[in-house]
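Enquirer: Residue numbers (my numbering), protein chains in the order written: chain D, 192 to 480; chain P, 192 to 480; chain S, 192 to 480; chain L, 192 to 480.
A few of these clues could be false.
Note that identical chains are pooled: a pair holds if it fits in a single copy or bridges any two copies.
[Stated by the list, open to error] Keeping only pairs whose Cα atoms sit at most 16 Å apart, straight-line, the calculated EDC-like set for lysine to aspartate or glutamate is:
1. K447 <-> D431
2. K272 <-> E360
3. K270 <-> E256
4. K447 <-> D479
5. K461 <-> D439
6. K447 <-> E302
7. K318 <-> E433
8. K461 <-> E274
9. K277 <-> D431
10. K461 <-> D275
11. K398 <-> D466
12. K318 <-> E424
13. K461 <-> E276
14. K272 <-> D243
15. K272 <-> E193
Derived from the structure by calculation, the hints contain no laboratory data.
4 protein chains.
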Amino acid sequence: MERLILTLTCEDRPGVVATVASGILQCGGNIVEANQFEERVNHVFFMRVVFDVDPNKFDRRLFLERTKASEALRNPRIKLKREDEKVRVLILVSKIDHCLADLIYKSRIGELDMNIVAVVSNHPEDKLNVSLNLRSDYAIPFYHLPITRETKAQQESELREIISSTGAELLVLARYMQILSNDFADEHATNCINIHHSFLPSFVGAKPYHQAYDRGVKMIGATAHYVTSELDEGPIIVQDVENVSHSDSPERLIRKGREIERRVLSRAVKLHLEDRVIIDGNRTVVFDR
Amino acid sequence: MERLILTLTCEDRPGVVATVASGILQCGGNIVEANQFEERVNHVFFMRVVFDVDPNKFDRRLFLERTKASEALRNPRIKLKREDEKVRVLILVSKIDHCLADLIYKSRIGELDMNIVAVVSNHPEDKLNVSLNLRSDYAIPFYHLPITRETKAQQESELREIISSTGAELLVLARYMQILSNDFADEHATNCINIHHSFLPSFVGAKPYHQAYDRGVKMIGATAHYVTSELDEGPIIVQDVENVSHSDSPERLIRKGREIERRVLSRAVKLHLEDRVIIDGNRTVVFDR
Amino acid sequence: MERLILTLTCEDRPGVVATVASGILQCGGNIVEANQFEERVNHVFFMRVVFDVDPNKFDRRLFLERTKASEALRNPRIKLKREDEKVRVLILVSKIDHCLADLIYKSRIGELDMNIVAVVSNHPEDKLNVSLNLRSDYAIPFYHLPITRETKAQQESELREIISSTGAELLVLARYMQILSNDFADEHATNCINIHHSFLPSFVGAKPYHQAYDRGVKMIGATAHYVTSELDEGPIIVQDVENVSHSDSPERLIRKGREIERRVLSRAVKLHLEDRVIIDGNRTVVFDR
Amino acid sequence: MERLILTLTCEDRPGVVATVASGILQCGGNIVEANQFEERVNHVFFMRVVFDVDPNKFDRRLFLERTKASEALRNPRIKLKREDEKVRVLILVSKIDHCLADLIYKSRIGELDMNIVAVVSNHPEDKLNVSLNLRSDYAIPFYHLPITRETKAQQESELREIISSTGAELLVLARYMQILSNDFADEHATNCINIHHSFLPSFVGAKPYHQAYDRGVKMIGATAHYVTSELDEGPIIVQDVENVSHSDSPERLIRKGREIERRVLSRAVKLHLEDRVIIDGNRTVVFDR
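Next up, chain D with everything else stripped away, as it sits in the complex:
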């Protein structure tokens, strides 16, 4: 048997569930997990279905054609993939590498089921803070793409080439401290995840932990979101926080924040890898159970 993941967005009208479920049944499929959500304001329907099929009998093309042609489904966006297909991931990083180290570790033990096809940094490999020896220890290609205000366009073309040559399907900004151009952000509006080191929309911009200290907040957080051309905006996937107190200096906030950041980012990546996140304008639908 082969396990497939279907995600579907369409107008919310009677009969969607019946159509999809009957379509799967007709093709000999067996639903093993399903989530759906009806957004009431704009009447949009979101669905994620995991189902098993006999790969010798299941006709993927026919199934998709029939589903799309169904009367019940208006303006559907459909994605269908094998559960065991590994997503090809490119990670961007600056100097701070706790998120990178965590993603690599979780990839190696199988918790994050992905292929890291490249790590790109605007700093040379030996400037990352633990010097992971990516090439020798992990056989992960490392690219140093330095960037200045003047060379941003050029650097992004080089990045595009690496994305293209590696076949990267997901970009993860794992504390990459550079602002992407609007064009680049727009090109990757659905497959580029950033970790912002604050509980957005609080403390947008630089040095959020110093801002948090100055404001005297009693909790700090981190936010993983899809990147848009608006800095620190974009659909939020995961957020989490921890308690802090008056005795936490900005330096201690940074340290506590590291723990939250890597947790939040790796959760968001996992949800994306399992096709559990569907973008809904500037919001996300997250089917996490």
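With the hints as your guide, set chains P, S and L onto chain D.
Expert: The following block gives chains P, S and L in isolation, referenced to the frame of chain D:
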């Protein structure tokens, strides 16, 4: 239009979702919310569907008959109710009344959509700690059913009569410090919710906050669960915790615990009222989003 | 024996702890709890000491004089009070009364050790959502002070008179949906606590839960803070959050928020009543263990 | 200037704080951080003081002698160390290495200020799940000490020799799945930290995540504690939890648990390294802010 809630448990076999969804569509219904869960070990299927029907056209009996007769559904247990039907609730309490006060308040502002048909205590009303004046201020009937080891059977018969005469559909033990007889517990295995003032299975039995203090735990919690004849066992519905420290005396743990208890209990009651909890042996399936 | 609470702020220089501790010892006092914090940026020292004295022997005036005269203490601000002195509290509210109901309940069971000397609302008593019957059930004076843009100054004078006649020492804005004048806010910069229904600094201003829904955040929160003339600014005392998801409508966010708001506000009030909060510019030092 | 950390436990009597604070002042020291706790049941006093001294003028021996000789301090236990002294740490592990990897990473970026003097496993290095290449990549000595029921005594002697030869001051059981002998546990009652993969005292013994699944709990946790000869007992240092649901299989609980375990263990190690934990019988006093 009329909104209905269907909950369904059956063997997990292909076609269940298609059958239910098509059945609803056939009756002119429109699904507005749906959750399902496939328990993989024993292959049990759980479903909750909220759908709108035209009450003049929808034939409830026909719908249920057809659904039950469907080939895809093996050994189904089905419940169908109108979303706006108010559940009749009887609350049992001893002296400590923070949970009771919270349930009454939330019922009054419409957050808990229920009818409190009676409050029963083994103490007289003026021994409850804030003297809520249930009868005069809230027009809620209050019954004082004192209990001793010798009179337990007698007291439970009186309780059964009150349940019967008030038509109570749900019993809530809101810090009721008496152990129910096995018979009584068995009779109410699916409609009697207790709040236990610990993070079960830690600290079963009496004085859990003192036990927690003695063990030196760094978090305390509370557990809302369905009652079974085994004391402090029974399927768990909601749990929550808070941080504590060495400086929290048993008295402070009790105070902090009150906050957790009422929060946990009212969440569990709300989930039950909305038919979001399905019992699965000694576990629960909770469809909370 | 009599238990006293001393709070002290001064310049951070060697010898402060020794001076205070020796001073207490000299007066026959026994320290039972002590917290201190040295703010490293501006070198400010904060201290809270609880100590027991024999009331027949302890000379309060002499103790304070000696302490203030000590060389080690530069620019000290000192407060000394009996632990069992009940603070006189005035609560302001608009229509939504879950925070008010919670404060009253906790006051009645002794969890919040205070005297509620008055409740003031810009709406008549029967417009509060559960009609608490404050006067008859709780013997708490209720004042209806309606307000319009034109009558704000007049209304605030009436409020000042009530504060004066009741001897209120602490004002609690328990979902009071009116903006205080700058003058009034400045007068009460250290004794007026507000609950803001968002995780500040996110979503300042009106309708924070709708803002939170629109931004698609995955957690919502509440913030208790001292009031300043800047709206939704002021030193933060307590914050807390809960997880939410795409399926939470603004209405559900409001409901979940109520639980957080009353918890956060009553914690902040308790900390203030126990002299555990010291204002440090736009931040607070909170000695909560 | 040199920064020192003093921890002190003694009988709780008047004058302790004054004595310690005056003693530090007399030696020209300046207190920069101080915490104290008076345990009310057994009248025990706990204190942690951080203070700066001029190393050319401070006479450590004289200071300790005077402090111990003071009348106010009955049965004192005192520890004094330089803040910048790196603790020598030996880590024990079986096959599962997420906690080990986290401790090594945090040690390398300076978050955990310690020297890892050895890693000991009952399995060979290439059986650890990510093959960290401890020797080549990190220059950390690795010892494979296989163990069977018959060879436990022998294995523990070898372990003692490694402890002795490396000068290890702290043992960290980072998912070491072997039970220590009573003698060994007793020898290391104050310097051996274990991570237990449950919210103790729930689910002691083997396979706690499977136990948690069977019991149907709605939260899982982890516990870091000092080791005693009683299995899964011992003073608790840190606990934390996360929400789970009916849809979390034992395998998913294990995965979620990994995140909690490494967080809880590294927090406990950090608290120990900074002398913020004082054992109080079967409880701990943790000065974490």
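Enquirer: Run every hint past the structure and note whether it holds.
Expert: Hint check results:
Taking the shortest Cα distances, K447 and D431 sit within 16 Å of each other both inside one copy (12 Å) and across copies (15 Å). For a Cα distance limit of 16 Å, the shortest separation of K272 from E360 inside one copy, 13 Å, qualifies, whereas the shortest one across copies, 46 Å, does not. For a Cα distance limit of 16 Å, the shortest separation of K270 from E256 inside one copy, 12 Å, qualifies, whereas the shortest one across copies, 36 Å, does not. Taking identical chains as interchangeable, the C-alpha atoms of K447 and D479 lie at most 16 Å apart only when they sit on different chains, with a minimum of 13 Å there against 25 Å within one chain.
When the C-alpha separation of K461 and D439 is checked against a cutoff of 16 Å, the pair qualifies only between copies, where the shortest distance is 15 Å, while the shortest distance within a copy is 31 Å. Proximity of K447 to E302 under the C-alpha cut-off of 16 Å is restricted to the inter-copy arrangement: shortest distance 10 Å between copies versus 23 Å within a copy. When the C-alpha separation of K318 and E433 is checked against a cutoff of 16 Å, the pair qualifies neither within a copy, at 29 Å, nor between copies, at 35 Å. For the identical chains of this complex, K461 and E274 are intra-copy neighbours only, at 13 Å inside a copy versus 36 Å across copies, given an alpha-carbon limit of 16 Å.
When the C-alpha separation of K277 and D431 is checked against a cutoff of 16 Å, the pair qualifies neither within a copy, at 27 Å, nor between copies, at 32 Å. Only within a single protomer do K461 and D275 lie at most 16 Å apart by alpha-carbon distance; the minimum there is 13 Å, versus 39 Å between protomers. Taking CA atoms no more than 16 Å apart as the test, K398 paired with D466 passes in neither setting, with 32 Å inside one copy and 30 Å between copies. Taking the shortest Cα distances, K318 and E424 never come within 16 Å of each other, neither inside one copy (29 Å) nor across copies (40 Å).
For the homomeric pair K461 and E276, the shortest alpha-carbon distance inside one copy (14 Å) is at most 16 Å, but the shortest distance between copies (40 Å) is not. In the homo-oligomer, the alpha carbons of K272 and D243 lie at most 16 Å apart inside one protomer (12 Å), although the nearest pairing across protomers, at 33 Å, exceeds that limit. Taking identical chains as interchangeable, the C-alpha atoms of K272 and E193 lie at most 16 Å apart only when both belong to the same chain, with a minimum of 10 Å there against 38 Å between chains.
Checked against the numbered hints above, the structure violates hints 7, 9, 11 and 12; every other hint is satisfied.
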